[in-house]
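Enquirer: Listed below, chain by chain, are the residues.
There are 2 protein chains.
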Amino acid sequence: MNRYFPILGWGRVYTRDQLVSDFVAAAIVTIMLVPQSLAYALLAGLPAEVGLYASMLPLIAYAIFGTSRTLAVGPVAVVSLMTAAALSKLGLSSPAEYAAAAITLAALSGFILLALGVFRLGFLANFLSHPVIAGFITASGLLIAAGQIKNILGVKASGENLIELGKSLVPNLGGTNLITAAIGLGATLFLFWVRKGLRPLLLLSGFRPRMADLFARTGPIFALAATAFIAWYFDLGAHGVKLVGAVPRGLPNLSLPNFSLSLVQNLALPALLISIVGFVESVSVGQTLAAKRRQRIEPDQELIGLGVSNLAASISGGFPVTGGFARSVVNFDAGAETPAAGAFTAVGLAGATLFLTPLLAYLPQATLAATIIVAVLSLVDLSILKRTWNYAKSDFAAVAATIVLTLSVGVEAGIVAGVVLSILIQLYKTSRPHIAVIGRVPGTEHFRNIKRHDVETHNSLLSLRVDESLFFANARFLEDEINAELSRRSEIKDIILVCSAVNDIDLSALESLESINNRLHDGGVRFHLSEVKGPVMDKLQKSGFLPHLTGKVFLSQHLGVEELQAKS
Amino acid sequence: MNRYFPILGWGRVYTRDQLVSDFVAAAIVTIMLVPQSLAYALLAGLPAEVGLYASMLPLIAYAIFGTSRTLAVGPVAVVSLMTAAALSKLGLSSPAEYAAAAITLAALSGFILLALGVFRLGFLANFLSHPVIAGFITASGLLIAAGQIKNILGVKASGENLIELGKSLVPNLGGTNLITAAIGLGATLFLFWVRKGLRPLLLLSGFRPRMADLFARTGPIFALAATAFIAWYFDLGAHGVKLVGAVPRGLPNLSLPNFSLSLVQNLALPALLISIVGFVESVSVGQTLAAKRRQRIEPDQELIGLGVSNLAASISGGFPVTGGFARSVVNFDAGAETPAAGAFTAVGLAGATLFLTPLLAYLPQATLAATIIVAVLSLVDLSILKRTWNYAKSDFAAVAATIVLTLSVGVEAGIVAGVVLSILIQLYKTSRPHIAVIGRVPGTEHFRNIKRHDVETHNSLLSLRVDESLFFANARFLEDEINAELSRRSEIKDIILVCSAVNDIDLSALESLESINNRLHDGGVRFHLSEVKGPVMDKLQKSGFLPHLTGKVFLSQHLGVEELQAKS
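Protein chains in written order, with our numbering: chain A, 0 to 567; chain B, 0 to 567.
Derived by calculation from the structure, the hints in this document are not laboratory data.
Treat the hints with care, since some could be wrong.
Since the list gives no way to pick out one identical chain from another, each pair is judged satisfied if it fits inside one copy or across any two copies.
Stated by the list, open to error - Calculated pairs, DSS-like style, for lysine-lysine (alpha carbon to alpha carbon, straight line, at most 27 Å):
1. Lys450 to Lys541
2. Lys538 to Lys428
3. Lys551 to Lys155
4. Lys428 to Lys392
5. Lys385 to Lys541
Can you build the whole structure from these sequences, using the hints too?
Expert: Right under this line is the structure:
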């Protein structure tokens with residue numbers, strides 16, 4: 000039970016001190032989350048209040064099922080962008096249909112995460128390599144920021160990539176609404192200043208660093224309040240400034256999502272991508288924070304926690320959610336000790352939803368756009384390109400493809416290209432393994448590459464170390480290499496294949512070994528193996544290959560060379 | 000020049016003796032190829048004479064560009080089946096359009112093969128594992144045989160898989176044409192007898208085994224002649240027996256294929272699959288035969304040879320071709336010494352096309368169906384299921400999926416499933432590598448798994464050997480394993496990661512090593528590496544990781560243990 004309901008662990012020993020800490024953290028996170036939730040709903044193409052709806056129940060669900068003590072779950076930038084990309088493809092005309100599709104997407108995403116968790120398939124997330132994730136988040140950040148320019152300037156534009164955005168934005172630039180632009184740019188500059196300028200100022204004024212950080216994080220709420228007041232006072236809505244407008248008052252109605260077959264078919268793949276990207280983002284935040292306090296998170300249980308959170312988002316009229324970086328860091332820094340902080344935040348947001356919704360009518364959309372831009376630009380970090388270029392061109396290729404395709408085609412193409420390309424590169428690498436001719440380091444029992452070390456070799460004996468597991472993609476390559484090596488040196492009487500790096504031999508490779516063995520036999524050369532690992536040896540023994548082997552299997556390369564030299 | 004035109008190699012030293020040998024082989028192969036070409040055209044859904052068209056120019060093209068001395072190129076069973084599957088999806092109504100699409104498919108396949116050859120991408124074929132190929136050919140053989148039952152019985156049926164075939168065949172069984180069935184079953188039994196019964200008889204009568212083999216291979220031509228004669232004599236066409244019918248007399252007109260965009264889009268993927276399957280089949284036949292005479296074939300040049308052959312098939316009104324198993328073996332056994340035998344065969348077939356086409360009018364389709372069934376059932380070998388089951392369940396899964404999907408969905412689904420599943424299985428294996436705690440085999444410098452060998456270990460030192468390259472899919476797994484090992488044994492002061500089996504470390508894995516290093520440092524444990532290979536060490540040195548490493552990098556595990564034990 001404790002495994003599936005982590006709340007039973009921490010909940011039973013919950014103390015008064017923890018309650019106070021969690022409560023304070025929740026208050027701060029609530030202030031930060033109001034503008035962010037509204038903004039990310041806008042980013043997903045949904046009415047602003049949906050962001051609030053998606054921020055309540057999921058927090059409570061995660062508090063029950065999640066294993067991270069401090070992760071804050073809700074709408075986040077990248078997932079919101081992916082939601083927009085998925086929904087805009089459906090070609091829905093009415094906002095009500097669009098909102099219903101978002102609910103279905105959250106539900107699908109929830110079921111996928113739950114299934115992955117129940118079947119313990121969390122390792123699938125490992126196929127997203129670190130550089131691909133870094134590249135994807137950076138490119139998504141740029142794409143999101145570019146997509147908000149229209150809201151900052153008060154013009155129309157749309158598109159799923161930089162090219163479409165540019166094409167639809169540029170012709171409309173003449174129609175820029177100057178008041179909107181003033182509010183949008185002003186809010187953007189103010190928020191950047193809060194991030195970069197306010198914090199040093201607070202520190203100088205004697206604030207402790209943590210307090211200065213937290214205070215700086217609440218900047219957006221001031222921008223919202225100020226611009227909403229201005230818009231109300233000067234009736235800016237009548238001057239062409241786009242406001243959030245009247246929204247339904249009160250908490251969301253609970254309802255079940257629509258699972259029409261065509262909707263499910265169209266959203267299945269996007270839901271899978273959203274689930275995996277969301278999971279990876281959430282787990283890496285969770286692990287980073289847990290490590291700081293020497294706690295642990297359980298990836299498979301995290302899948303369950305996030306799955307239930309998305310189902311909760313779905314029934315409360317929201318859209319896909321995950322563990323967010325910024326909000327979790329604030330929660331952590333504000334002193335949250337248990338997931339109860341999340342539950343308190345949910346209560347705080349419920350209060351905000353009840354009392355703030357009338358005020359939202361006057362909130363300029365440009366202010367929300369400014370909030371988004373400032374938030375996502377902090378995710379942009381192109382240094383991954385330089386880092387991978389210097390370390391390995393193969394990693395660079397995967398990152399570059401991810402970034403270029405995300406920006407030029409869209410988020411789904413970008414993430415799929417990154418994953419597929421990293422897998423193909425990995426296969427290509429293993430299909431042409433490094434094969435070294437080795438000799439003994441004088442005075443030791445250790446054998447190394449003759450090209451890199453000054454080692455002893457023998458004329459009639461060739462020792463080859465193949466630096467890869469043998470499987471279908473490289474089986475023929477090994478055959479070719481052994482043939483080539485043999486045709487170069489006719490004096491060879493024995494070949495030892497050193498298997499210290501061979502971790503598996505599949506049936507294709509076994510057949511190649513059989514054919515190598517036969518061909519060497521025809522040429523009067525004996526074929527030996529050395530340093531075969533336990534699991535591999537088990538398979539060879541079962542296969543019936545060993546009785547046909549013309550040579551022997553040596554426990555170590557050293558023993559093999561000793562024995563063969565003693566004979567000759 | 001010699002590389003791209005192998006004919007310049009053997010052509011310059013061509014002898015009179017070789018000419019005679021090649022001529023004799025060509026005569027025998029021609030007799031075998033006439034029925035086979037007609038039958039495989041029928042299998043591909045094309046008029047019978049197209050099989051002859053596809054058997055002439057490709058042989059000449061291969062004689063110029065191919066590297067195998069004895070490979071015979073032309074229509075083969077599996078590729079013809081894949082052609083039928085690709086073309087039937089286009090929904091073309093007129094036979095002329097269908098034939099034009101076959102020409103385009105051959106051209107696309109030719110360009111793909113040429114491109115793979117020029118860019119030296121022949122290694123891509125290695126992603127088709129031996130078991131998947133074996134399973135695919137077996138399943139295709141079954142599917143082809145099942146598809147010919149309709150022609151044997153003279154009823155209508157169609158379908159791309161066993162299920163569709165069964166559903167469309169069973170209701171029509173009542174309409175079986177008894178004369179057709181008699182001819183079809185008679186021809187089938189005769190051909191099976193020629194294979195199994197005639198050869199022993201010939202051997203008993205004093206024929207040499209090779210002659211007996213060759214004679215048995217010419218059986219189909221007798222079946223054709225006899226049934227065509229019967230059909231003409233009794234005017235069976237008037238009794239509902241389907242005959243090949245009047246065909247255009249003479250050689251094919253040369254023409255350029257149609258490259259309309261929609262056709263190319265629809266045929267691109269099938270053309271790729273046909274190219275790869277054809278190439279793999281052809282290369283494995285070529286290699287087997289070359290090895291028998293200690294010759295070599297060059298896979299990348301083979302791609303060029305097959306590519307030009309397919310272009311030749313295309314301009315002469317044919318369909319996709321490749322190197323066939325049965326015909327190449329006959330060519331080899333009949334004593335062919337150079338690809339000139341192929342060119343002579345082409346001339347022989349041209350003669351057959353000129354003089355035999357009038358006779359084809361009376362040939363029953365049931366006889367051709369019998370030829371196909373007998374030919375393909377020799378390809379069926381379900382023992383691969385047993386072999387993989389015994390050797391490794393992962394190989395079994397890939398084969399079983401290939402066979403089941405080929406039979407139940409179709410050839411394209413089958414081959415794609417086989418490739419994708421083998422790649423996924425390989426990734427899954429590498430994502431959860433074997434990690435062994437190792438100790439020294441007493442009295443040696445050799446270290447092995449403590450679970451399998453009786454070895455010496457030390458309390459404060461943990462030596463872990465990870466049996467896999469470190470990359471994105473297993474980076475986190477390693478972190479988890481080291482954490483788990485450490486939490487079990489608090490007395491550990493040093494951890495050595497033995498990298499003898501680590502053939503690459505990508506950036507994701509490097510980041511994991513950095514995080515392992517930092518976490519161990521926090522816990523007061525030093526982190527060492529040993530037996531790092533040259534290419535991996537180069538990368539680590541460039542990366543800037545080594546200065547942060549809390550321990551050392553030891554040349555060998557033995558030196559590492561000695562040094563750490565001396566200190567403590």
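Enquirer: Can you list which hints this structure breaks, lowest number first?
Expert: Checked against the structure, the only hint that fails is number 3, while the rest are satisfied.
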